[in-house]
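Quick note on numbering: numbering that gives the first Met the number 0 labels position 263 of the sequence shown as 262, and the sequence is numbered without any gaps.
If you are wondering where the hints come from, they were derived from the structure by calculation, not from laboratory data.
Each pair of labels, with its calculated beta carbon distance range: (1) PRO132 / GLN211: 18 to 26 Å; (2) GLY204 / LYS116: 46 to 54 Å; (3) LYS207 / SER149: 45 to 53 Å; (4) GLY117 / TYR180: 44 to 52 Å; (5) PRO87 / GLY61: 20 to 28 Å; (6) GLY203 / VAL64: 37 to 45 Å; (7) ARG148 / ARG120: 17 to 25 Å; (8) GLU140 / LEU165: 14 to 22 Å; (9) ARG120 / PRO224: 36 to 44 Å; (10) GLN250 / ASP89: 19 to 27 Å; (11) ASN62 / THR248: 32 to 40 Å; (12) ALA201 / GLN250: 18 to 26 Å; (13) GLY223 / PRO132: 35 to 43 Å.
With a straight-line cut-off of 16 Å between C-alpha atoms, the simulated EDC-like cross-links for lysine to aspartate or glutamate are: (14) LYS207 / GLU197; (15) LYS174 / GLU219; (16) LYS116 / GLU140; (17) LYS179 / GLU219; (18) LYS144 / ASP73; (19) LYS68 / ASP147; (20) LYS134 / GLU111; (21) LYS118 / GLU140; (22) LYS144 / GLU111; (23) LYS66 / GLU111; (24) LYS116 / ASP147; (25) LYS68 / GLU111; (26) LYS118 / ASP89; (27) LYS207 / GLU219; (28) LYS144 / ASP89; (29) LYS118 / ASP147.
Note that the Cβ used here is the ideal one computed from N, Cα and C, for glycine as well.
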Amino acid sequence: MTAPGTAPDNDIPAGDNGTPRSGRRVRHWVAGAGVTALAAVLGITLAVRGGAAPACAAPPTGNAVHKGKASFYDAGRSGGNCSFPGPPADRLYVAVGASQYSGSAACGSYLEVSGPKGKVRVMVMDQCGGCGPSKIDLSTEAFTKIADRSQGIASVTYRAVVNPPLDGGLTFRMKGGASKYWFAVQVGNHGNPLRSVEAQGAGGGFRKAARQSDNHWTIEGGIGPGPYSIRVTDVYGRQATATGIRLFTKQVQRSTATLASASPTPSGSPSAPPSPTIAPAPTPTESAAPTATVEALAGAAAPLDRPRC
Numbered sequence: 000m001t002a003p004g005t006a007p008d009n010d011i012p013a014g015d016n017g018t019p020r021s022g023r024r025v026r027h028w029v030a031g032a033g034v035t036a037l038a039a040v041l042g043i044t045l046a047v048r049g050g051a052a053p054a055c056a057a058p059p060t061g062n063a064v065h066k067g068k069a070s071f072y073d074a075g076r077s078g079g080n081c082s083f084p085g086p087p088a089d090r091l092y093v094a095v096g097a098s099q100y101s102g103s104a105a106c107g108s109y110l111e112v113s114g115p116k117g118k119v120r121v122m123v124m125d126q127c128g129g130c131g132p133s134k135i136d137l138s139t140e141a142f143t144k145i146a147d148r149s150q151g152i153a154s155v156t157y158r159a160v161v162n163p164p165l166d167g168g169l170t171f172r173m174k175g176g177a178s179k180y181w182f183a184v185q186v187g188n189h190g191n192p193l194r195s196v197e198a199q200g201a202g203g204g205f206r207k208a209a210r211q212s213d214n215h216w217t218i219e220g221g222i223g224p225g226p227y228s229i230r231v232t233d234v235y236g237r238q239a240t241a242t243g244i245r246l247f248t249k250q251v252q253r254s255t256a257t258l259a260s261a262s263p264t265p266s267g268s269p270s271a272p273p274s275p276t277i278a279p280a281p282t283p284t285e286s287a288a289p290t291a292t293v294e295a296l297a298g299a300a301a302p303l304d305r306p307r308c
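Sequences and hints are given; from them, build the entire structure.
If you want it as structure tokens, here you go:
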């Protein structure tokens with residue numbers, strides 16, 4: 000089941016063998032082909048990957064608990080359909096079905112998955128082409144923490160992890176091909192699903208970026224050569240702005256801006272002001288950390304844009 004390959008250029012997500020994906024995995028493609036054929040007979044229009052998200056699509060949020068099944072797979076060095084530079088260091092990741100992937104809206108968020116043997120926290124990194132609304136595909140490492148690998152498929156419950164603890168602030172990675180005429184950025188290390196991304200170039204106002212299914216945010220026509228200020232808002236209303244983002248394609252730029260709050264304080268106790276984060280010195284392949292300005296930290300238990308079905 001494991002077929003890691005060489006590190007691909009993740010601007011085009013690669014398959015387990017290191018080649019560009021035409022589908023999620025063979026076993027999922029076969030199931031997906033059957034569904035597509037049935038849909039054709041019944042006259043049902045299906046949303047295809049890379050196009051519109053399914054109706055009522057949304058990533059898991061809030062306190063809702065989902066029941067379902069979990070299988071496992073190995074993405075190798077690929078960052079999945081979310082186009083990350085690679086999997087998380089702990090290799091605890093998950094692929095979700097099209098409705099919960101929601102056109103990449105779930106990318107970078109976290110789920111807590113409970114199975115027969117225990118719980119595991121995983122980052123959403125991929126879309127599972129053959130998974131329905133209640134099916135998820137865990138990394139091999141994650142699956143073995145909640146069930147015996149010999150089971151193949153296990154009954155699980157899972158829920159969103161709201162404000163997961165993270166190391167460092169938001170990261171930004173300009174897509175290959177981005178220029179002063181076409182703005183395209185990937186936001187990382189945000190924890191909660193994102194609701195919107197806005198950006199401004201020198202001398203201009205903020206412009207709203209459009210979410211793409213490969214987990215990049217784009218502005219047609221561009222906003223100049225940079226540096227940029229980028230304002231990020233999550234589904235709970237938390238917002239932060241990072242400045243000084245450069246037009247360096249395919250390089251991760253780290254900031255001190257964060258959407259996460261400090262550890263919860265007891266009811267009635269005032270929150271201590273956040274301590275400043277000192278960014279590490281830049282390396283030859285990484286730019287200096289941009290200046291960060293946290294504009295608001297107001298999080299409700301329920302997301303602002305829950306779909307109405």
